[in-house]
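*Asks:* Listed here are the chains, written in short residue letters.
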Amino acid sequence: MSSKNMFTSSVGKKLVMAFTGIFLILFLIVHAGLNACIWANDEGLMFNKAAHFMGSFVVPRILEVGLFLGIFLHIIQGYLLTLENRSKRAVDYAVNYSKGSKWYSRSMALLGTLLLMFLVMHIYHFWTPSRLGGIGGIKSLTVFDKNGVEYHNLYAEMKLVFENLYVVIVYVLACGSLGYHLAHGFQSAFKTIGIHNKKYHAIISTIGYGFSIFISLVFAMMPISFYFGLVK
Amino acid sequence: MAHNNLNLKLKVWRQKNATTPGAFKTYEVNDISDEMSFLEMLDVLNEKLIVTGDEPIAFDHDCREGICGMCSLYIDGKPHGPWQANTTCQLHMRAFKDGDTITIEPWRANAFPIVKDLTVDRGAFDRIIQAGGYVSVNTGNAVDGNSLPIEKDNADAAFAAAMCIGCGACVAACKNSSAMLFLSAKVSHLALLPQGEPERKSRVLNMVAQMDKEGFGSCTNTGACEAACPKEISIANIARLNKEYLRAGLTAE
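Protein sequence lines, in the order shown, are assigned to chains W and C. Start counting the first sequence at 498; every next residue gets the next number (our numbering). Start counting the second sequence at 857; every next residue gets the next number (our numbering).
These are computed hints drawn from the structure, not numbers from a lab. You may find that some hints are simply not true.
[What the hints assert, rightly or not] In silico DSS-like links for lysine-lysine, alpha-carbon gap of 27 angstroms or less: (1) W/K696 x W/K546; (2) W/K510 x C/K1099; (3) W/K585 x C/K1008; (4) C/K881 x W/K696; (5) C/K1008 x W/K599; (6) W/K636 x C/K1087; (7) W/K599 x C/K1087; (8) W/K596 x C/K881; (9) W/K696 x C/K1099; (10) W/K585 x C/K867; (11) C/K1087 x W/K596.
[What the hints assert, rightly or not] Examples of chain W residues lying across from chain C (beta carbon under 7 angstroms, computed): (12) S507; (13) K546; (14) Q574; (15) L578; (16) K585; (17) N593; (18) Y594; (19) S598; (20) S602; (21) K636; (22) S637; (23) K695.
Where is the CB? At the ideal position from N, CA and C, for every residue including glycine.
From just these sequences and the hints, can you work out the full model?
*Replies:* Here is the structure:
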């Protein structure tokens, strides 16, 4: 008996996916909550302050490092698992069994890849200007607060980026991918960490589906709100 | 009841042995009674093949009453054919219509190498059981009822898990060729009972290690296994296995 390979066995790899997945779900809640400040309709004052706090206070900066590690682990493990699982059936079926499972449950790698492609663009749009002063066509925009301290104007950045209809469309589609990725991932993660009680699993599944729809709608509404001038 | 006879076209996977690549071959069967079982229909075809001097189609079967777990066959894209909670031997030809073309494939997974045609080697399941799917104390004769109190819910869940006949439909249905539903049924069955308690941790760790060694894929909770299982083993067992594994991994010395 040995627990040496607790996180490298087939069940252990699932545990890594589940723990990082739940961590990323928590991140989504924080991200959506902070971004919701754009709807305060105060020309981004509250939102910029919140973003400034996240970028300057030490605790979120440490968590940010953890976030990047978590995302990398989730992506790399996800791809490795997908490749490994595909290699376990050398000869494919002539007729595939698709009735027993949901398409999005079988397409986590595809949905994840779409999210990864979105993430690269998203980091370029908003993370690089606020942390690195922007690269390429994206420039950092600044604003002064009441005391004359200069800080990054992320609100103006959003306004600028979401002027482009194609960008808005891509962001909304990515929110769709996120919704389906979460529709499977949320409840699956809790199954993986061992929620087998049928009552609790039913509650978590319901919360999971509700969360998937809600969080993707909240995120999708951000570019839509800017494009149609719903925030002032 | 009306009797119907069916004329069918069968696309059957033929493969000489584990090393020779296989291919589909099409056969026609006529005047098949819809009261026949699927395996009886194959028997009829095999009789015909023997008479014409062809090699009969190899397929696994034993009890033909849905309890032994020997029969397999991936029929028209589903393990054990179109009916729910049913084994191939209990699938009757009334599930099909006259003129249908039926595609018959073996279980496909590297961990279940093809022996011949539709017969696969499911020895991997036996080796997983050998790694811990037992109670190693001598339990003696049947004890008096209720001398060992077991909560009703646990007894029911253990019994439902023990329904697993080890046919391998879960592996065949899974896009990852994962054996987690089988393994979780075997682990749950014993983990829920007091007799299984002493070896609870070593059992789950050793059985998972053996499953990985056999070359099955990892579970991604798609639910295809549960939908295809002839004994309706619940996917909740997989969650229980995960918990058992996490618990054992964290507390084993």
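*Asks:* Does each hint hold? Answer for all of them.
*Replies:* Do the hints match the structure? See the list:
1. W/K696 x W/K546: Judged against 27 angstroms, a Cα distance of about 42 angstroms means the pair is violated.
2. W/K510 x C/K1099: holds, 14 angstroms
3. W/K585 x C/K1008: violated, 39 angstroms
4. C/K881 x W/K696: The given pair, whose Cα atoms are some 48 angstroms apart, is violated under the 27 angstroms limit.
5. C/K1008 x W/K599: With Cα atoms ~33 angstroms apart, C/K1008 and W/K599 exceed 27 angstroms; violated.
6. W/K636 x C/K1087: violated, 61 angstroms
7. W/K599 x C/K1087: holds, 21 angstroms
8. W/K596 x C/K881: holds, 26 angstroms
9. W/K696 x C/K1099: holds, 16 angstroms
10. W/K585 x C/K867: Holds. W/K585 to C/K867 sits at ~24 angstroms (cutoff 27 angstroms).
11. C/K1087 x W/K596: holds, 17 angstroms
12. S507: holds, 4 angstroms
13. K546: At about 41 angstroms, which exceeds the 7 angstroms cut-off, the nearest Cβ of chain C leaves the hint on W/K546 violated.
14. Q574: violated, 10 angstroms
15. L578: Since chain C brings a Cβ to about 6 angstroms from W/L578, closer than 7 angstroms, the hint holds.
16. K585: Given a least distance of 4 angstroms, the restraint on W/K585 holds.
17. N593: holds, 6 angstroms
18. Y594: holds, 5 angstroms
19. S598: Hint on W/S598: holds, closest Cβ of chain C at ~4 angstroms, below 7 angstroms.
20. S602: holds, 4 angstroms
21. K636: violated, 42 angstroms
22. S637: violated, 41 angstroms
23. K695: With a closest approach of 6 angstroms, the W/K695 hint holds.
Checked against the numbered hints above, the structure violates hints 1, 3, 4, 5, 6, 13, 14, 21 and 22; every other hint is satisfied.
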